[in-house]
Amino acid sequence: MQTQKAMNTFVKETGGWVASQLEACTRCGMCAEACHFYQATGVPEYAPVWKVELLRRAYEQRFTVSGKVKLAIGIDSEISDEDLLNWSSYVYHACTVCNKCSMVCPMGIDLGTLIHDVRSGLAEAGVVPADLAAAVQKQIEEGSPLGMTDEVYADRLEWVTDDWEVDIPIDKEGAETLVVLSSIEVMKFPQNIAAVAEVLNAAGENWTLSTKAREVVNFGFYEGSHSHTTLFLKRILDQAMAMGVKRLVVTECGHAYDALRWTAYNLMEIPDSLEITHITGLLGEYVSSGRIKLKAGAFNEGKITFHDACKIQRKGGHINEPRQILNILSPDAFVEMTPNREEAICCGGGGGVIAIKDADPIRYAAFELKIDQVKKTGADTVVMSCSNCRLQFTDGKEHFNLDWKINGLTQMVADALAD
Amino acid sequence: MNWTTFLHFTRGPLFQVSLLIFVGGMAYRLVRVVLLGWKGDKAPAKGSKLAGVAKTYLKGFLIFPFIPWVKRTFNRNPIMYLAGGLFHLGLFAAILLGTPHMLVWKSLLGFGWPTLPLPIVDWLAAASIAAMIALLFYRRTNSLLKLLTGPAETLNWLLVFLPMVTGYIMTHHLFFQYEVLFSLHMLSVDVLLIWIPLSRISHFMFYFFSRTIHGVEFGKRGVTP
Ligand code: HEM
Ligand code: HEM
Ligand code: SF4
Ligand code: SF4
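Respectively, the protein sequence lines represent chains A and B.
The number in this note's numbering is simply the position in the first sequence, starting from 1, with 151 added.
The number in this note's numbering is simply the position in the second sequence, starting from 1, with 13 added.
Hint data in this document are derived by calculation from the structure and do not stem from the laboratory.
A quick note: this is a predicted structure, and the numbers were derived from the prediction, not measured.
Glycine included, C-beta positions come from ideal geometry on N, C-alpha and C.
Please note: incorrect hints may appear among the correct ones.
Keeping only pairs whose Cα atoms sit at most 25 Å apart, straight-line, the calculated SDA-like set for lysine to any residue is [stated by the list, open to error]:
1. Lys444(A) with Asp318(A)
2. Lys385(A) with Gly395(A)
3. Lys59(B) with Glu211(A)
4. Lys159(B) with Glu211(A)
5. Lys163(A) with Lys55(B)
Some chain A residues judged to face chain B by a derived CB distance under 8 Å, without partners named [what the hints assert, rightly or not]:
6. Trp168
7. Glu174
8. Ala183
9. Met258
10. Leu425
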């Protein structure tokens, strides 16, 4: 029954785009070297190619002669409920959908997207880790997976407005830019809200938050369920369209940006007049055009390194803006990790992994690669533009007793605004 | 049947039939995949898809397979890179730039091209054979590759290995009468031609799909592939 649902989803998803890539794989295993979960644990099943194995089997059994022959002579078997359970632990617990593997695959297979397709099948079959499923349910009912209800949202914003003494427009009529925060920021990094407001105010942006479109996080996208993804996207986009804003800004949240910027267009109609961008892109734009002025060298003490987030840098393309800004703020202190930019290693907490308690041991194991990388730079401060990464870094810092300072890019910009 | 008639058979009718199966089979595979349908991507691009595709092919062809340290992540897996690159290099040198093979292409396509001197092809073929043995060894020992290797993968290896060794032995006039070796070379080539459309060796065709997709995906995001 479950398998049937998963199979149907796999089959539905398998167009030429998926099939041609599954056909191209030579089973060379090189992609494994890219995956922080495989590298950290050495578990063969965590190799990216093995994570898409389920999709490949489904494709071959349904669509190809060789797959049918293999099934008939017993080299392959029908996909079972047990397979679904196993793959659930590979693709949800041990994958952040960071797509680093696609850069290493000699055939250039877009593995991250294929793994997302595997998740879609498992989501239809209901074989989603309990923690993730619970968070999705919570987001359906309360509007946020982190317990950020309407009241909590209003309270937190009021508190930030008072404590940081900053103007935060809410539901402002005629605003041109709608900013949607992530509940991670609201609940864990409220200073980020103040920072966003300070920067946008300084730039003279005609912006607002919304009480309806208040959660940019999309646990349906983590889960891979099309219907939940669409439901949560619509909560934001319907409101943006109703308000008639020109621009939708995603704050420091990576997967939400991936969902809105690249996926939403293929799930619903979005008018050309609405631009969807990320706060990192906006910061770069403000600095380049001179709409905000920064105090040069404001953070020039010690050593500062930048962590590239998979969905904002590698998959979002906002790679140069953080460098541009850090070269102004920290001309001497800024050092790059190796590898960096589009080849950066994932922090290990994205893709919903940090929300799954059972994944903690491998999440920490993967983070050790990051610790190693940062240590090699000698940096005492790590900056990033994704609050999900930031959650992983602050948690990892505590777990491993690291004496790092973790900072957000927007927050640094806000702290360095020249009056 | 003596070896001469067997050679005529494997070089003649069997070769032609194998070639037909190869071409027909690959065309079938191609059409099947293409007809599965292609959804357009409606997300507005941030960068140039074309530039992404151009860059990824340049990297894929020129750098990727042969220089393991270009991308720092695969320091851990030099065998697959070096041996895999060397194997393909030798393979391509032999089947495209070896004189007897170029003549086959000429008879099929109607035009030929300059070829490499025999000693060079010969050394590359030897290196290729050595690389294949290393690849097999690696496939049998590495825990991930053991997971990824089923009977089909082993057959892939074997059916490419046979023409390589028979061809190599033949050029050196070793062990057997030339006609025997030539027949065996042709037989193994014929079997390979029939096997390719049934197997993953068809990767050389789908490579162009996955590379293009890779370039489009990275290019549209404005990221270097
Ligand atoms: C566009 C052309 C091609 C590309 C890009 C390509 C690429 C690759 C890659 C990346 C691998 C995996 C790693 C490795 O062993 O190097 C591979 C494996 C392999 N390729 Fe190719 N290939 C091409 C053409 C061919 C052709 C024409 C043949 C044979 C007639 C072939 C036979 C094989 C075999 C047998 C393997 C498996 C080796 C093993 O056991 O690991 N390839 N190819
Ligand atoms: C997968 C690899 C190979 C394929 C598909 C292949 C294919 C062929 C084909 C189709 C012919 C027929 C020529 C004809 O009918 O006149 C041929 C002949 C020949 N092959 Fe190969 N070959 C391969 C590898 C090699 C290698 C590695 C060598 C040696 C370095 C080699 C040496 C020869 C020689 C010397 C002949 C010509 C025999 C003659 O005309 O007297 N081959 N090969
Ligand atoms: S997307 Fe990232 S986490 Fe997932 S398999 Fe690939 S490298 Fe590993
Ligand atoms: S690196 Fe690419 S071709 Fe090799 S096994 Fe992984 S997905 Fe397949």
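Hint-by-hint comparison with the structure:
{"no.": "1", "hint": "Lys444(A) with Asp318(A)", "verdict": "19 Å, holds"}
{"no.": "2", "hint": "Lys385(A) with Gly395(A)", "verdict": "15 Å, holds"}
{"no.": "3", "hint": "Lys59(B) with Glu211(A)", "verdict": "34 Å, violated"}
{"no.": "4", "hint": "Lys159(B) with Glu211(A)", "verdict": "20 Å, holds"}
{"no.": "5", "hint": "Lys163(A) with Lys55(B)", "verdict": "19 Å, holds"}
{"no.": "6", "hint": "Trp168", "verdict": "6 Å, holds"}
{"no.": "7", "hint": "Glu174", "verdict": "4 Å, holds"}
{"no.": "8", "hint": "Ala183", "verdict": "5 Å, holds"}
{"no.": "9", "hint": "Met258", "verdict": "5 Å, holds"}
{"no.": "10", "hint": "Leu425", "verdict": "10 Å, violated"}
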